[in-house]
Structure formats: structure tokens, C-alpha cells
Amino acid sequence: MDKKSLKFLLSFTVLLVFFAAPGFLCAQSITMEDEYVLKSVNIFRICKFTEWPNFSGLDRPFTIAVLGDLPGNQNLGILEDRLIGDRKITITKINDIEELGSSEVVFVCASEEDKLDAITRYVLNKAVLTISDTEGFAEKGIMFNFYIEENFLKFEINREAVENSLVKPHSRLYTIGKIVKD
Amino acid sequence: MIKYYQNLSIRKKYTLGFHTVVLIATIAALVVLGIKNIQTFRTNLIARIEATAGVISTNSVVAIDFNDVTQGRIILSSLKDIPEVIGAVIYNIDEEEFVSFGSVPDVSFDRQMTLDEKILFEDDQMYFKTLIEYQGEVYGTLFIVASTENLSKQIWDFIGFTLIVLVIIFVVTFFLGGSLTNSITEPVLNLSNTALKISNEGDYSIRVNKIYDDEIGTLYDSFNNMLDQIAAKNSEISGLNNSLLESEQKYRRIFENATEGIYQSTPEGRFLTVNPALAKMFGYGTPEEFLTEITDVKTQIYVDQNTHNEFHDRIKSENTVRDFESRAYKKDGSIIYISDNSHAVRDKNSKILYFEGTLEDITEKKKSEELTLAKEAAEAASKAKSTFLANISHEIRTPMNAILGYTQLMQRDTDLKDEHKKALDTVNRSGEHLLELINDVLEMTKIEAGRISVDIKTFDLHSMLEDLERMFRVRSEAKLLDLSLNIEKSTPRYIVSDESKIRQVLVNLLGNAIKFTKKGSIILDTGVTEDGRNGDKDQLRHSFILSLEVKDTGIGISEKDLDLVFKSFEQAIGDEGIRTGSGLGLAISRKYAHLLEGEIKVSSKLGEGSVFTLEIPAREGNPSDVTEPAVKKRVLTLAEEVGEIRVLVVDDQESNRDILAKILKEVGFLIREAEDGLESLKIFEEWRPQIVLMDIKMPVMDGKEAMRRIRKIRGGDQTVIIAITASVLSEEEAEVFACGADYFIRKPFRDFEIFEAIENHPEVQFISYDQERTTDEKVPDKLSKLTPDSLTILPDELLEKMSNALHSGNYDHLIELLNSVEEYDKEIAENLKELVVRFEYNTLLNLLNDAN
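Residue numbers (my numbering), protein chains in the order written: chain A, 1 to 182; chain B, 1 to 852.
Please keep in mind that the hints were generated in silico from the structure rather than gathered at the bench.
You can trust all of the hints, since none of them are fake.
Straight-line distance between alpha carbons at most 35 Å, and here's what the computed DSBU-like set of lysine-lysine pairs gives:
#1 B:Lys129 <-> A:Lys48
#2 A:Lys48 <-> B:Lys80
#3 B:Lys129 <-> A:Lys168
#4 A:Lys178 <-> B:Lys129
#5 A:Lys88 <-> B:Lys129
#6 B:Lys80 <-> A:Lys181
#7 A:Lys168 <-> B:Lys118
#8 A:Lys48 <-> B:Lys118
#9 A:Lys168 <-> A:Lys154
#10 A:Lys154 <-> B:Lys129
#11 A:Lys178 <-> B:Lys80
#12 B:Lys80 <-> A:Lys154
#13 B:Lys80 <-> A:Lys168
Covered stretches of chain A, going by a simulated chain B footprint (3 or more residues, C-beta under 8 Å):
#14 43-53
#15 162-175
So, partial list: chain B residues that the calculated Cβ filter (under 10 Å) puts toward chain A:
#16 Ala63
#17 Asp65
#18 Gln135
All residues carry an ideal CB built from backbone N, CA and C; glycine is no exception.
Chain A extracted, bound-state conformation (with noise of 0.2 Å):
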């Protein structure tokens, strides 16, 4: 078993552990390394529950795109090669949203503040999720956006701009969401 494999298990591991506990407990002692990984569960959540037009039966693995930097050098690697649906998940770095290509998931750094508008017009009435964990993003037009509150990571979701993306997040999704704009 190779060194990925093994930290992808262990995380698994974690996940477990969280889930036993109620709501999604993000504890301060925790390093930006857990936190990351817990986004990473709740993305990859979010997306099980998301329907794609014409997802299945594409010869193609389900890409999500990381836009800009992530602090501390964090990466959502825990999801390589996760199911979703028959598709394998694939991480892949861009820095222009032009970069986009056929991702599914695009997930929108912090880094990427000033770039905000030109990326929500371009994913605009196009099949593509997009997810962020800086304030202020819910309101500027991503999708989903991790936030923490008393310990816990929660989200909120800008139901307007899924309302005018091509993707169908569960219904279930926006009770457990704060929504921002409606």
C-alpha cells in the first residue's frame, strides 16, 4: 500500500469518528491539515447530492478544479479517486477561470477575491458547482460556501446562483445550508 493510499484511509478513518460526533464538529485544536480534510468530506457530500445533466456514462473522470491557492499549502487531495456516482474524482490546479475546462466542481480560493465576478459570470447557466470557504462569497455569487460557527464548519448556499448554474443540488442540501440570497 503506497503512501496516498494510507492517508486516504486514515482520513476515512476520521471521517468515521466525525460523523459519530453530532454536527460537524471542528474543534480549535484542530490543524488547518483536519480542517481541510473535513471541507473536503463536505464537498465531496455536497456533490453526491448534486445532480449533473448528462453525468453518467462520460468516459471521463469528475474533475473539480482548485482556483487560485490554498492557504498553507493545503490541497483537496483526500478525494482523488473517490466515487462519485461511476466517476473517479480528480483534483486538478488552475488559475484562470478560462482554465475551467469540463470540471464539474470549481472551488474558488481565497485568492481568487478580485476575479470573483468575472468567475460567477462565467459559470453562469453552465453545469458547474462552486464552492468556497471565504466570507463573503455566499453573497458574491458562489454556490456553496464553508464557513465556522461555534466549532462547527457549516455552509451556506447562494440559491440564486444555483438557481442560474445547470446543476441540481438536493433539496435536503438547503435545510441543512444557511441560504444567503433567494
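Got chain A; can you put chain B on it based on the hints?
Using the frame of chain A, we list chain B on its own:
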């Protein structure tokens, strides 16, 4: 149970049946309805829970995945809208309770999950489980428990409702059904009671009164109609019974009064029933006595028990026995003949039940048959005797031809010495006597065979008597006897009777008188008694009795011999033992007398003479009816004026040629002889005889062929041909004539026959003295019935055989064939035999040929 039901009264059956049917139908309807309700309830509950569970499953996926217990509770609480739900729980993928709702039974997850079915109804509760899935991934399990108390309550409510309905229905049907039952059962009971009453009282005039026009009404009509028919049938049967009774009485009377014995008996041989006639037949007073005493037919009735066995065998195999004759014992042990006509009566399996039939006492018939047989045997014997005598006579007559012929020839020789003449006279007399004897025998056989008929015609009685007197005078004078004829004045000269027979009787009587009288006189007296000539001559056939009496003073006849004198072949031997003649003369005389419906009597005293009296009925005749008797000539010589007459004698027998040649030479003919037909032709051509005497049967060339050829020779038609044959059997007279014969003479011939035939030649003329000719016998009338047509009933083959037998002269075979003719017609057979006995062979042959 079924039997109990079957024996119930119709009313009870109907009530029970009606209520049972209503009850079953109602219960069935309610049960179906109840089950339907339960199913509806359950289906409804399941549908509601399934619908809600589906929503919960879908909605809880995200909550489970994000471990959002709050959302999970919210989602699960939607079950509160279903009042039956007691509690629910969602288990996550790790089988740990995620959220729960209400009160869930304290049962482990494992227990819950081992429920076999998705839905289970148990103990007033319904258990429901479903997996929580999203896009093929299982997130957990939803388990719901619902109460079905409502359902139980509904069921109990329904049962209560059902009972109430049943009670109501029962009450309603009790009242309604009762009246309905009455409307059906009462008419039936009424019918039943009426039928019972009719059955008990036997009164078929009772009728049921129809109430409704329904099927029972129709049944009433049919019942009444049936009663009508029964009454009619009863009346008919009563009539038939009376007829049967009458019939039985009638047949009983026939049975009781029948003259034939009627019986029924078992196959084992015991009589069951006999009628009085049968009992009487066997000598018993009553049928009862007979039935009591006769217990075994075989031993007590049958004389020959094998006969009984044969009767048994036949009736068993043929079923019917007709005219079965047997001998039987009567009560007194005497034997009678019985004839049994019986048949076997069998059951449907063909087993013999009994025999029944009639018995007839045929003892008298049997005796009569035996007598008839004896009589027939006697007659046959007599006939055989007659035939034998006739044949013998015929055989004797043939050589007599030579004897008499030569004697007559030699007597013509005037140069004979006296002693030779005497010797020749003796030979001739002896021959004549022998011929006479034969003729007598033949005559007698003819009489006995009934072949002599009377020839009634008018004749001169006086002349005949005088002629007789002349005839016998020579002989009487030779014995120095006084012969006198006394014709009484009242005796008519012309009478109507059979002259020949009367003459023959008188010849016999006078001959005997002279023969047996040594001295004294012989008187022939005539007389008439019972003179009825004053009456109508034409109508009085027996107008008087002619009496002719011959008295003599001869040796007489002893009283004991008087009865014998008229019997055939008997002679009364007088004291001097004279015994000459055939002994048939008086027998023939008496037969003739009888034929003429008269009688011949004798009265005599030994040594004093006899009186024979012939009495015959006769009537006076008319002189104009008298036919002159033919005369036969005693030819002496040819008349002087006659020239040379050449006669050719043709015969293969030298003696025959010799006799003919000598007779004819004596008279003056020129004679040449030929041995056969061929030689005769040569002589004829060379010598040209005026007369030919032609034998028929000859070697080389027979007479027929010779005659045919002579007739063809120039001048042959001028010649008189006289055919002479000993056996007419092989020669047909007609054929002989057809071959050219002018005359036909049979052997043995008398010389006068030859002369008569020759005299027909125009050139021939004799010098002769006349001699009265005896009257020929006539063919009996009955023979005239024999015609060729009457013989057509005989088969052609038989006719041909008889014809062949005649031609070949095989008389024995001919007689055999004639016996077989009896099978076809007895009378014809007898008549044909008559012809044979009479030597009428040519007549017979003509008949056969015409018939064939």
C-alpha cells in the same frame, strides 16, 4: 344425516332447505364482504405508510449523511399524520439508531431486521421496514410500527352487524318462507293424501281439486288424467279378464270333450295333465286315476322303451314330433298303437319345461293297414302268378306254331296211310287241346286280372243255340247220347247280351255234359223268368232273366264237391276218376256269368246227373242291329280260273319257311324261298312274285330294308307284301307298314290268317268252305284311357328305357320299369302292365313312341 333429511316430510325438507340456503348465502355474502373490508383496511394502511416512508427515506438521506439529527427528527415526525403509527426509528448504515419517533417496541435491530417480510401483521400491530437509499447507495433503514387495533375493532363490529343481519333474515324467512312453503307443500300433501286414499280404497273415481295453475296445477291435471286412464284400463282389463275367462272355459271344454288324448308331461316322464279322452284311451276312468297310477311313462306306458328314448331324442333335437307311432300298454295290460303329435315347451333359456301334445289311438288304423298290406301282397302274388302263366303260355304257343302247322300241312296229304292219318289226328287234337288248355289258362288269368270286358250287342239267340246243338250233336251221337234243344216259346230270338260269353259258357257246359255222361241224354233248355217286356223297352235294361239249362244223366257230383266245381283248377273227381281238361271251364263260366251280372248254379246227385243253370239279365234286341259274324275259311285250293301265282317266302328259320311253303304249295301257289332280305331281292328281280311273305328280323338284310327296296324295284309296288313276325316287340307295326308291308301277321299264325291276307291280292281266288270265326276279344275299355298324352307325366328317360326294353325283348327289365311307373301313376302302370300281359306289345310301343 342425508337419510334423515331424505325421510323428512316435504314441508320440513322445504323449510330446512330454504333456511339453510338463505343462511349459507347470507353468511357467504357477509364473509366475502368482511374479508374485502379487512383487505381494504390493510391495503389502505399499507399504502399510507408506504407513501410516507418513501418521503422519509428520500428526505432523510442527506440528514443521515450529514449526521443532522435535528433534520432527521423533523423528517421522521411527519409520521404523526398517520394516527395508526405507534413509533418509528431510522438506523444508519452502522445499524445504530439515528433518530426515533414515538414508542418503538423494545426489540433489537436484529430482531426487527429478521422479519421475513417487508410488512408483517402481528398481535394487532403492523411492522413495516424499508431501506433508505439514494442513487443505489444504502444510507440506513426505516422501521415503522403501526397499530391495527382499528382493524380488529372493525372486524368485531362487522361480526356483530352480521349476526344482527342474520337474525333479521332468519325472522323474515321464517314468516315469509313458512307461507311460501305452505303454498308449495300443501298442494303436494293434498296430492299425496288423495293418492293414499285411492290406494287404500281402490276407488279410482276420486279426483284432486286443482287450486293453482302452476306446475303443481299441471301435476294435478296429469294425476287426474292418469286416474282417468287407469279407470279406462281397469275397465279394459276387466273386459279382457272376462274374455280370458270365457276363452279358458272354451278351451277347457275342448280339452275335456276332445276325442283325441291331450296331455302335458315332464321331460322326466311324468304326466302333468291329461284329458278324459286320454285317460279313457288307456282304460282309466278319470284323468285323476290315470295321473295317480301312471308315474313313469317310460315303463308304464311304452311297450318298447327304446321307442320312448327315440321320442325323447327327437323332441329334444327337433322340438316337434309329428305322427310318432308307438305301442302302449292299457290299464288291463292289452297293447294299443298310439300316434303322438307333440312339441317341447321351453323357457327363455331354451330349457325344456314340459312336453305337450295329443295322442291318438291308431290301433284300428294299424290293423287296417296290416290287412291292406296283406291284401296287396296277395294281389301282387296273384298278379305275379297271372304274369307267370301268361309268359309260360306265350312260350308254349310259339312251338305250337310248328306242331299245329306241320300237322295241318300233313293232314292235307291225301296219300297218307290211315294209321298215319289217325296218328296225325291225335297229334292235332292233342295240339288243339293243349292250345285250348293254354287259352283257358290265359282266359282265366285275364279274368282274374279283371281284363275281360263284356261285349254287349244284339244277336240271334236261337241261331246260336241251334248252331251249338249242331256242333255237339256229332260228339253226342258218337257216345250214343241223346242231345236235345228245347227253346221255350217265350224266349226271344234276338236278345241284347254278350253272345260270345254265353256261347262259351254253353260250350263248356255241353262239353262237360257229354264228357261226363256215359248214357242217357243231354238237354239244353231255355226259358225266361221275371218277364218285364211289357214295359218300356228302351228303358228296361234288365227286362228279363234269360235262363239256359243243361241237364245230363251223367255221373253227377257229390254234395261235398258241389262247392268246388266252380273254383279254378279244381275238378270233381267222380267215381270213375275221370280227369280231363284244364279244370278251368266251370270257373271261367261262372266268371262270365258274373261279368254278365248273372249267375250259374248247379244241382246234382251223384250217379243221377247234373243240372247247370245259367241265368243272366237280358233284354230283347232289334233284328236290324244284328251283325253277321265273320266267317273263317277253310281253304281247299286255288280256283281253277286263277293263273300262276308266285309267292316268295322270306324267313331265316327253315321250319317257318317250310311250313309256309308247304301250306301254300298244297293250295296251288308257286313257291320260292329266301333266307334273308338280300336273297329275297335277287329272287324278286329275277322271278317277279305277285306275293311276298316277309319275316322282319333276319340276318344280312332285315325284312324292313328288303321291303323298302322291293317297293323301289319297278313293278314292286304291284306286289302284295305280307309281313310275318314272331316278336312284335322289336318291330313296330306302323314302321313295318311304312316300309311297304300291306299286311301284318303275328306268329303263331293260323293258316286261314295267311289265306285271308293272300286273298286280298286281286288275282287270288280260293275254293273253300266257311267256318264260323270266333269273336275277337275287345280291348278293355279302361285301356282306351291310355293315350300318349297320359304318359307325358313320365320322365323321358323312363319312356326311352321301356322302349329299349321292348325292342330288346327284355321283359323282366320291362316289368321292373313298369313297377317304377307306379311311383308316378298307379293306374297307368297297371294299364301298361295289362298291355304286356296281353302281348299288346305293338300298342305299347306306339304309345311309348308317341309320348316320347
